[in-house]
Amino acid sequence: MSSAAWSPPARVSGASYAAVAVTMAHYKAADSKREQFRRYLEKSGVLDTLTKVLVALYEEPEKPTSALDFLKHHLGAATPENPEIELLRLELAEMKEKYEATVEENKKLKAKLAQYEPPQEEKRAE
Numbered sequence: 000m001s002s003a004a005w006s007p008p009a010r011v012s013g014a015s016y017a018a019v020a021v022t023m024a025h026y027k028a029a030d031s032k033r034e035q036f037r038r039y040l041e042k043s044g045v046l047d048t049l050t051k052v053l054v055a056l057y058e059e060p061e062k063p064t065s066a067l068d069f070l071k072h073h074l075g076a077a078t079p080e081n082p083e084i085e086l087l088r089l090e091l092a093e094m095k096e097k098y099e100a101t102v103e104e105n106k107k108l109k110a111k112l113a114q115y116e117p118p119q120e121e122k123r124a125e
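Letter by letter, the sequence shown follows residues 0 to 125 in numbering that gives the first Met the number 0.
What the hints contain is simulated information worked out from the structure, not anything from laboratory work.
Built from N, CA and C at the ideal position, the CB exists for glycine as well.
A hint or two may mislead.
Dumping the calculated DSSO-like pairs for lysine-lysine here, alpha-carbon to alpha-carbon at most 30 angstroms [claimed, not checked]:
1. Lys-51 <-> Lys-62
2. Lys-71 <-> Lys-95
3. Lys-95 <-> Lys-109
4. Lys-95 <-> Lys-111
5. Lys-32 <-> Lys-71
6. Lys-51 <-> Lys-71
7. Lys-32 <-> Lys-42
8. Lys-109 <-> Lys-97
9. Lys-107 <-> Lys-95
10. Lys-106 <-> Lys-95
11. Lys-97 <-> Lys-107
12. Lys-32 <-> Lys-62
13. Lys-111 <-> Lys-97
14. Lys-27 <-> Lys-42
15. Lys-51 <-> Lys-97
DEER-style ranges, computed between Cβ atoms [said to hold, decoys possible]:
16. Ala-55 <-> Ala-113: 46 to 56 angstroms
17. Ile-84 <-> Ala-110: 31 to 41 angstroms
18. Leu-87 <-> Leu-46: 26 to 36 angstroms
19. Asp-68 <-> Glu-103: 51 to 61 angstroms
20. Lys-111 <-> Leu-87: 27 to 37 angstroms
21. Ala-110 <-> Leu-74: 41 to 51 angstroms
22. Ile-84 <-> Thr-64: 19 to 29 angstroms
23. Ala-55 <-> Ile-84: 42 to 52 angstroms
24. Leu-40 <-> Ala-66: 18 to 28 angstroms
25. Leu-40 <-> Glu-96: 42 to 52 angstroms
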């Protein structure tokens, strides 16, 4: 045991007591706000969604190099699809098809043109 004698805490003056009371009230208000926010997150389904995504990351056999990208991807997939986004995806798919067809047509036309043009060596000789 230590040789120092135990002494009761010093008396709290009126001003110190008021400061302690204000500080304690502040902590209670902050705890109350935190609790209200937690209930809000729980009611809106945010906590459940975050938990599911974090569990999916935990259960991932090969952890991704960027956990943040994993979360962004899976949180984005969890939200309902916007009809405008779906229309843009369809338009993008159509544009890709048109692009591929144009590239293929371009190759065929270049091959056809090559039949009618003299080779590059003959052009230089002229």
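Taking the hints in turn, this is what the structure says about them:
1. Lys-51 <-> Lys-62: The hint holds at about 16 angstroms.
2. Lys-71 <-> Lys-95: Answer holds: Lys-71 to Lys-95 is near 26 angstroms, not above 30 angstroms.
3. Lys-95 <-> Lys-109: holds (21 angstroms)
4. Lys-95 <-> Lys-111: holds (24 angstroms)
5. Lys-32 <-> Lys-71: Judged against 30 angstroms, a Cα distance of about 27 angstroms means the pair holds.
6. Lys-51 <-> Lys-71: Roughly 13 angstroms separates the two Cα atoms, so the pair holds.
7. Lys-32 <-> Lys-42: Between Lys-32 and Lys-42 the Cα gap is close to 15 angstroms, so the pair holds against 30 angstroms.
8. Lys-109 <-> Lys-97: With Cα atoms ~18 angstroms apart, Lys-109 and Lys-97 stay inside 30 angstroms; holds.
9. Lys-107 <-> Lys-95: holds (19 angstroms)
10. Lys-106 <-> Lys-95: Within the cut-off at roughly 17 angstroms; holds.
11. Lys-97 <-> Lys-107: The hint holds at about 15 angstroms.
12. Lys-32 <-> Lys-62: violated (36 angstroms)
13. Lys-111 <-> Lys-97: holds (21 angstroms)
14. Lys-27 <-> Lys-42: holds (22 angstroms)
15. Lys-51 <-> Lys-97: At roughly 40 angstroms apart (the allowed maximum being 30 angstroms), Lys-97 and Lys-51 break the hint.
16. Ala-55 <-> Ala-113: 46 to 56 angstroms: holds (54 angstroms)
17. Ile-84 <-> Ala-110: 31 to 41 angstroms: holds (39 angstroms)
18. Leu-87 <-> Leu-46: 26 to 36 angstroms: About 31 angstroms separates the Cβ atoms of Leu-87 and Leu-46, which means 26 to 36 angstroms holds.
19. Asp-68 <-> Glu-103: 51 to 61 angstroms: violated (34 angstroms)
20. Lys-111 <-> Leu-87: 27 to 37 angstroms: Cβ of Lys-111 to Cβ of Leu-87: about 36 angstroms, so the range 27 to 37 angstroms holds.
21. Ala-110 <-> Leu-74: 41 to 51 angstroms: holds (48 angstroms)
22. Ile-84 <-> Thr-64: 19 to 29 angstroms: holds (27 angstroms)
23. Ala-55 <-> Ile-84: 42 to 52 angstroms: violated (22 angstroms)
24. Leu-40 <-> Ala-66: 18 to 28 angstroms: At 21 angstroms between Cβs, range holds.
25. Leu-40 <-> Glu-96: 42 to 52 angstroms: holds (43 angstroms)
Consistency note: the structure conflicts with the earlier hints numbered 12, 15, 19 and 23.
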